[in-house]
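Peer 1: Protein chains in written order, with numbering that gives the first Met the number 0: chain A, 0 to 507; chain S, 0 to 428; chain X, 0 to 405.
Wrong hints could be hidden among the right ones.
Derived lysine to any residue pairs resembling SDA-like cross-links, with alpha carbons at most 25 Å apart [stated by the list, open to error]:
(1) A:Lys-75 with X:Leu-161
(2) X:Lys-404 with A:Val-69
(3) A:Lys-56 with A:Arg-79
Some chain A residues near chain S, calculated using beta-carbon distances under 7 Å [stated by the list, open to error]:
(4) Leu-267
(5) Arg-270
(6) Leu-272
(7) Ser-324
(8) Ala-328
(9) Arg-345
(10) Leu-360
(11) Arg-364
Note that these hints are calculated values from the structure, not bench results. Here a beta-carbon is modelled for each residue, glycine too, at the ideal position from N, C-alpha and C.
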Amino acid sequence: MEAAPALELRGITKQFPGVLANDHVDFDIVPGEVHALLGENGAGKSTLMNIVYGLYKADEGEILLKGKPVTFTSSKDAIRSGIGMVHQHFMLIPVMTVAENIVLAEEPVHEGVLLDYDAAARRVQELADSFNFHIDPNARIEDIGVGQQQRVEILKALYRKADILILDEPTAVLTPQEAAELAGILRTLKQEGMAIVFISHKLNEVLDIADRVTVLRRGKRIDTLPTAGATRESLARLMVGREVLLRVEKTPSKPAEPLLKVDDVSVLDDRGLPAVQNVSFEVRAGEIVGIAGVDGNGQTELIDAVTGLRKLDSGRVAVGDEDVSGGGARQVIDAGLGHIPEDRHRRGLVLDFTLAENLALHDYREPPDSRFGWLFPRRLIARARKLLEQFDVRGGTPLTRASALSGGNQQKVVVAREIERDPRVLLAAQPTRGLDVGAIEFVHRRLIEERDQGRAILLVSLELDEILSLSDRILVMYEGRIVGEYGPDVTDEQLGIAMTGGAEHQAA
Amino acid sequence: MSESPASATPPPVTPPSNGGPPSVAARMAFYQRAGGIVTPIMTALLAFLVGGVVVAASGHNPLTTYREIFNGTGLNWFFQVGSHDIGLPFSDARVWFPWNVNDAQSEAAFNLQQTLLVATPLVFTGLAVAFAFRCGMFNIGGQGQYIVGAMVSVWVGSSWVGMNHGLHIVLAVVLAAFAGALWAGIAGFLKATVGAHEVITTIMLNWIAYWIGNYAFGQGGPLQNDFNESVPVSNDIAEGAKLPVFWGDALLQGLHVGFFVAIAALVVYWLTLNRTTLGYEVRAVGFNPEAARYGGISVRRSYFLAMAIAGGFAAIGGALDILGWQFRLGVIDIQSSQIGFIGIAVALLGRNTAVGVGLSALLFGALLNGTSTRNLDPEVFQPELAGNLTLMIQALVLLFVGADVLILIFWQRLRRLRPGRSAAREAPS
Amino acid sequence: MSIRAERVPGGWVRIVEPRSIAIGGMVLSLVGFFVVLPPLTLRTWVWPVTLGFFGVAAGIWAVSRGVRRVGWGAVVLGILGMTLGLLALESSVGKLDVVVVWSALLASMLRYATPLTFAAIGGMFSERSGVVNIALEGMMLSGAFFGILAAQKSDSWVFGLLAAMAAGATLALIHAFFSINLRADQIVIGTAINFLALGVTGYFFVDVYGDQGTPEGIPRIPDVNLPLDKIPTGLGEFLDDVFGSLNLMIWLSFVLLVVSYVVMFKTPIGLRIRAVGEHPRAADTVGISVYGVRYASVIVSGILAAAGGAYLSIGFLGSFNENMTAGRGFIALAALIFGAWRPFGAFSAALLFGFSSALAQRLPEYSGSAATLFQALPYVLTLIAVAGVIGRSIPPAAIGRPYIKQ
């Protein structure tokens, strides 16, 4: 691999208000190589590549394409120079078709004015076939699966004749099987001479797919090394700067009586179609049950049903001995269920409320916070002060607005609020999304502590590592049903197979 | 998503990574933090400035125009500070007071009475908009709700002539409030159940109320007066239903006790929002309906109640106007009334806070009074033009209030931005 | 719970579905009302009451099965059908004939619908690109005023129309600047523009025309006279009554319909506009200028809405009054939503609202004071429509959210 670098970055620096996202970062990649960019959340990986793609402008440093310096003022320039990017959140328009999405802004025209839909579909089909992708150009994005959608994104780049492909956390939304297929696709592209940059925070993937890896930490480049010979531990150490506990230490659980009973529950989604079908399980006191599954297999609807935010089509949910089926969020909360929702900004906190007000979200209706509808702010503040100290929340006082806190501290506020009510059951949905390693460790440790206190914990997460690390029992959801129950010693592959229905996924 | 760094100042109104648009309540909250009282003053000044430019562009002198307007407002009465006394209510004692309240007939005093008279309903229509805003809804229906209140109060006031005075007044106001709450509640209900956008529904309800009023008090209409068939006006309200005047001459449209009700309303507004569980819910829903729902709050109930309370406010404004100085309602009144719409500017300029709405109502009351036919010398500036000038100034207020980014930029320049102290954006990884 | 039956079994099963029953109920109620009117003029209360009753029944049944929206819609329509049918019965046949002369009503419907059509299609461009345009009302009003002002001063309706469009474009520019560049709340800004238009047009109206109002004899947009009565039999006469002498703008509105459909759904420009409205960041990353597309769309909406307003003043009435648009801009917006942001859908809705206005205009012949009340009919109808009786339409995904360029 002694070719000249296809892309080279020298001393790239990018400052955002309050944060130095990239600090004199160097990077290079040669054609026919897969080069991974590794780092935890907030390390600056996406920022770096967004600069390459023309979405941001670097404050300092230069970009060299095939040895020549270039400046991009918009992503159009980058595209024209042969750089393609597949973002973490797909830049696809759900209501439009595959072909429309791919040809957007470079549409084939007919009579100079009218869009030639047939030519578009044809060209897309030709392109897909040449890389052995199976896609239907006339399918709508919202109707195809996530793995397919990602392929559409890749096709978008190929349609524009990219020779450098940047993928931002591509396997975040894929099952292990789909991830393996992606790896295959990348290998094919690599052989065609494409230079591939692969952003990830997943150590296994990086070791598996990449030829070289550059580790970023807090905006600085720490090291660039070939993946041959590197280990998960060595990479983790580079990523975080210290020894990292890759698995939380915990004693085996001693489960007691069941505190959450989900009995033959079926739930419909927003479109009236069955999302959860005849699901039954129990969570006992003193155990953590993890529900694994690819996003979109009914987990969200199940959580909504258990927490009282969605009607049950059939079945029963009981917290302790109380039947809370169809009772509404209030009833479920009063019955002793705490819920750490999956999106703390949208669902967990009212960002414009103070910490005291946020912490009172479940209690404001009862004495001593209020009486006959009259609120006593001083009580709220006193309680908040106690909780903030107990849970080591930093960044504010009870009168600080929640929006001023960092993500990790915000999550601590949510956790504090839920745990303070001494719930019998704790439902944690994606509890560590977007948090840095320190906050993740805190949340994981806390969940184990609560388990040891005798609570029943239901963990729903898309991160297999988290599920494997914390759960005493693992359930897999696929297409609205529980398709398997496993102990904590199950392997990734076994889970992956279950997560995709037990059958081999269709080949690309 | 990655975290934002811990910073002392709040992030800007750009939404965080969840992608939802910032609610109106959230943006208004941002205002209050960003500039306290300075920004509304700046906004008002800017609006008047641009208004002055329009005046100049049409060939009139903005300075004399504004001065003429100011003279008509009665605000110059506050400048006549001296050593006077005021009688305490319910006793004969008199205490020192810096302003001369005893001479109710001086021109300045009279003008001030009129200004406060106009400001009173503006407080109510302003609160009607503000309360709904706090719950995340844009209530443009203040005009219709005001009219509904006026209609009901004129009907109650002109019926049951022999009733006890206090009871009569209270009954009229309470029924009017109820009617207004119901009227606005329709929009709230539609939003709560089917998600109908309250901007369109309240505007439609405005027009429906308008036409119902035209019908009811028009020729041959069911509520037209019993005496003169050719005049499309209601009956006069009974003497006993009229509000007592406490400053000025009752026969010359003095200032009635409704003024105190307005002040009380501002207090009630603040207390409701900040000291009741209902207010907590309304604010939570206004800032983040999703999180409110997850916390167990019934978002639909909040939408409905917030609109109903807002409608109640506006309707009380209508009732107080009828019982305080109009005493009858005619088709012409319904057609020319703008109080409900001005309430929108009042609320936005006042940043939906109690104090803000109060001061803002005073400002617009002064503007309306100063530009009225009685006060403005047609030689200097035609009153009809002035009325439209007022409209334009309102529009400008809304424009500048809406463009909070302008304020943000200005504010940041003033405070000389330091990295880390500024409004931080969530930096992606 | 909405029922978007994409994967529901088809065929027979669909017909006994609660939703279909409810729709059937609505149809029955409408039939019950219409048979009382000319030309059928069935003089018995049996039809409106029974059919309306079945409509209500169907609606209630649908509601009980969970199809709430369409079900309640059927109930409302059933009650409406019964009442109106009975009211129509009360009048004598003569009055009824006068009131409901179909051809005149249809022609009138087209005239009332046209400003709505222009504004609604303008709104479509703006909203499809992701910018809420509450200011259609203000843009329409300014088009009405500046159109007639320019037409009067220059003695040419062409110039008037152009001036109107320029006025609309100017207001749209302000809306666009505040909403797109300054990322202001689009509804607040839209409301501001409405007040601004009201104030500016009123101000200059009084300043220029004073107490007298607009003078007589201002050049009007011409009517297009078609010799349709040459077509044999009654059909020719009917067609001539309806289409024979419609204003040029009405014909232009038909052209606009087709053109806007083609542009929005069959050209690359339309694809890009829709992309910007659904997922602006995706459009940005492929190199489309989100700001540029939105600016252009908002300005087009201003131009079209103003043209609709110009039709009102120099095409229809020949004069201007303060606030003459009387909420039409909002009705146009409702028509757009009702029509699912598609040109032909919005046009159908505009026709519906136009019909209600036409009906309201004819009713003074029926009862003097009730006519005043009927003026509220278009607004009531809009209220019902916005409440989403006939299913909820889905707006462009990114509508109302300011786009933040990195």
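Peer 1: For every hint, state whether the structure bears it out.
Peer 2: Okay, the hints, checked on the actual structure:
| no. | hint | in the structure |
| --- | --- | --- |
| 1 | A:Lys-75 with X:Leu-161 | 36 Å, violated |
| 2 | X:Lys-404 with A:Val-69 | 21 Å, holds |
| 3 | A:Lys-56 with A:Arg-79 | 17 Å, holds |
| 4 | Leu-267 | 18 Å, violated |
| 5 | Arg-270 | 16 Å, violated |
| 6 | Leu-272 | 20 Å, violated |
| 7 | Ser-324 | 17 Å, violated |
| 8 | Ala-328 | 4 Å, holds |
| 9 | Arg-345 | 4 Å, holds |
| 10 | Leu-360 | 4 Å, holds |
| 11 | Arg-364 | 6 Å, holds |
Of the numbered hints given earlier, the model fails hints 1, 4, 5, 6 and 7; all others are met.
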